[in-house]
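S.K.: Just so we're aligned, residue 0 is where the sequence shown starts under numbering that gives the first Met the number 0, counting upward by one.
Hints may contain errors.
[Stated by the list, open to error] Listed next, with one range per pair, are the computed distances between beta-carbon atoms:
| id | residue 1 | residue 2 | range |
| --- | --- | --- | --- |
| 1 | ARG298 | GLU401 | 37 to 43 Å |
| 2 | ASP142 | THR303 | 36 to 42 Å |
| 3 | PRO308 | PRO156 | 48 to 54 Å |
| 4 | ASP329 | PRO308 | 38 to 44 Å |
| 5 | TYR357 | GLY420 | 19 to 25 Å |
| 6 | ASP296 | GLN172 | 19 to 25 Å |
| 7 | ASP296 | THR185 | 36 to 42 Å |
| 8 | GLU353 | GLY147 | 43 to 49 Å |
Hints are computed from structural coordinates only; laboratory data are not their basis.
Just so it is clear, CB atoms sit at the ideal spot from N, CA and C, and this is done for glycine as well.
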Amino acid sequence: MTIRLAVRTSALVLCTTLAASLALPAQAAGIDGVLPKAETAPLFDDEAGGNANADDPAIWRDAADPDRSLVIATAKQGGLRVYDLDARQVQSIPAPAGPDADDKPGRFNNVDLVQGLRLGGARADVAVVSDRGNDRLRIYRIDRNKPGGPLTDVTDPAARPVFSADQAEINEQKTAYGLATWTDRTTGRSYALVSRRNRTRIALLELIATPAGTVDYRQVRTLDLPSSFRLPDGTSWTPCAEPDELPQVEGMVVDPADGTLYAGQEDVGIWRIDAGLTGTPTLIDKVREYGVPGAYDERTEECTPGADPGFGGKHLTADVEGLTLVTEPDGDGYLLSSSQGDDTFVAYDRERDEDNEYEDAFRVTAASARLDGSEVCDGAAALNAPLGRRYPNGLLVVQDGEETPGDGDREATGFKFVDLGKVLDALD
Numbered sequence: 000m001t002i003r004l005a006v007r008t009s010a011l012v013l014c015t016t017l018a019a020s021l022a023l024p025a026q027a028a029g030i031d032g033v034l035p036k037a038e039t040a041p042l043f044d045d046e047a048g049g050n051a052n053a054d055d056p057a058i059w060r061d062a063a064d065p066d067r068s069l070v071i072a073t074a075k076q077g078g079l080r081v082y083d084l085d086a087r088q089v090q091s092i093p094a095p096a097g098p099d100a101d102d103k104p105g106r107f108n109n110v111d112l113v114q115g116l117r118l119g120g121a122r123a124d125v126a127v128v129s130d131r132g133n134d135r136l137r138i139y140r141i142d143r144n145k146p147g148g149p150l151t152d153v154t155d156p157a158a159r160p161v162f163s164a165d166q167a168e169i170n171e172q173k174t175a176y177g178l179a180t181w182t183d184r185t186t187g188r189s190y191a192l193v194s195r196r197n198r199t200r201i202a203l204l205e206l207i208a209t210p211a212g213t214v215d216y217r218q219v220r221t222l223d224l225p226s227s228f229r230l231p232d233g234t235s236w237t238p239c240a241e242p243d244e245l246p247q248v249e250g251m252v253v254d255p256a257d258g259t260l261y262a263g264q265e266d267v268g269i270w271r272i273d274a275g276l277t278g279t280p281t282l283i284d285k286v287r288e289y290g291v292p293g294a295y296d297e298r299t300e301e302c303t304p305g306a307d308p309g310f311g312g313k314h315l316t317a318d319v320e321g322l323t324l325v326t327e328p329d330g331d332g333y334l335l336s337s338s339q340g341d342d343t344f345v346a347y348d349r350e351r352d353e354d355n356e357y358e359d360a361f362r363v364t365a366a367s368a369r370l371d372g373s374e375v376c377d378g379a380a381a382l383n384a385p386l387g388r389r390y391p392n393g394l395l396v397v398q399d400g401e402e403t404p405g406d407g408d409r410e411a412t413g414f415k416f417v418d419l420g421k422v423l424d425a426l427d
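Start from the sequences, fold in the hints, and give me the full structure.
M.R.: Structure follows, in structure tokens:
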């Protein structure tokens with residue numbers, strides 16, 4: 000079932016290049032900085048580096064021995080990387096190839112976790128990954144003590160494409176992109192919510208364990224967010240983008256307490272949606288560039304912005320990227336969003352009855368000449384639980400889109416590990 004929304008209350012923004020062309024707000028320079036404690040080795044998106052590009056992390060806590068907890072992160076065409084709490088790599092999993100040499104190769108985009116999935120007659124924690132290249136989900140069982148690495152592929156061989164009808168459509172790459180997992184506390188069933196690249200669609204997929212000990216999935220329903228809107232001055236606004244591209248969603252997270260999905264439509268803002276994809280979504284905040292018209296230039300492949308009509312938000316600078324939750328037992332906490340255009344992280348009240356109001360913002364800044372901060376961040380993950388001696392106050396992991404590798408001019412990305420207690424101090 001597909002649900003289409005009326006397009007009356009919101010609007011889309013331009014392509015990412017527009018964000019860089021607008022002046023950053025004066026208050027952005029005055030927000031608090033938080034220092035990272037560690038960083039992963041740089042990843043290089045070139046042939047020598049295996050076309051690896053850091054994107055999205057997830058934090059798995061080893062309940063038996065929190066010091067042995069893991070960070071599982073996507074590296075796009077470079078597959079998956081698994082790190083310990085010292086940011087040292089403990090496993091690398093390549094993305095699968097396409098069916099034929101001329102088909103698109105696997106490309107791992109986002110990752111999230113499911114705890115206690117019944118698998119092979121026992122409960123297991125799994126990592127769920129969106130494979131943009133093959134338009135599929137990939138599922139990996141987590142076993143910290145397994146020889147050869149803690150992750151084992153348990154994707155069912157019969158798993159079908161998430162959005163595409165055939166391989167020709169997969170090769171067009173309007174495929175599985177952003178991802179968040181959700182376990183319905185009422186039914187115990189586990190799901191993945193998956194967005195479609197260059198489209199506004201989000202799909203709800205139920206994860207299904209098979210008798211063979213693998214994991215398959217089935218589509219329950221989809222929802223299409225708006226791609227154009229009516230602005231407060233009565234005009235209609237459509238995004239500036241390349242031909243046949245719509246404003247996509249990538250960063251997503253589900254609040255496990257009440258089944259609320261928060262979805263970042265990159266050039267628009269943050270939507271609050273029932274994780275079952277029922278009801279009417281609410282736009283809880285907009286990017287500053289919201290409502291700015293633009294014209295796409297095919298020669299330069301960029302958007303030329305028009306005059307700002309003043310309909311934008313005050314806290315987010317496009318793109319809206321990695322969304323994550325800092326949860327507290329009493330239901331309080333924060334929704335964190337990467338404001339990619341100004342290298343900040345914006346915090347909102349987690350509680351819906353507070354209407355997810357804006358709380359504060361912070362940056363991850365350089366701790367030393369060798370340990371830099373986070374810029375143009377794509378993905379983020381937070382866990383507010385003790386993680387052994389290294390992170391007794393919890394952990395925030397953020398992608399760094401402009402890593403400083405220290406070995407020439409190669410462009411690099413990576414992940415920064417931040418003491419979550421320091422983040423909460425900055426927000427308080």
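S.K.: Does each hint hold? Answer for all of them.
M.R.: How the hints compare with the structure:
1. A C-beta distance of roughly 27 Å is found between ARG298 and GLU401, which places it outside the suggested range of 37 to 43 Å.
2. Separated by about 53 Å at the C-beta atoms, ASP142 and THR303 break the suggested range of 36 to 42 Å.
3. A beta carbon spacing of about 52 Å between PRO308 and PRO156 agrees with the range 48 to 54 Å that was offered as a hint.
4. The supplied range of 38 to 44 Å is met by ASP329 and PRO308, whose beta-carbon atoms lie about 41 Å from each other.
5. Checked against the given bound of 19 to 25 Å, the beta carbons of TYR357 and GLY420, roughly 22 Å apart, stay inside it.
6. Checked against the hint of 19 to 25 Å, the pair ASP296 and GLN172 passes, with Cβ atoms roughly 22 Å apart.
7. Judged by the Cβ atoms, the range 36 to 42 Å given for ASP296 and THR185 is violated: they are separated by roughly 51 Å.
8. Judged by the Cβ atoms, the range 43 to 49 Å given for GLU353 and GLY147 holds: they are separated by roughly 47 Å.
Hints 1, 2, 7, counting from the list given before, are not met by this structure.
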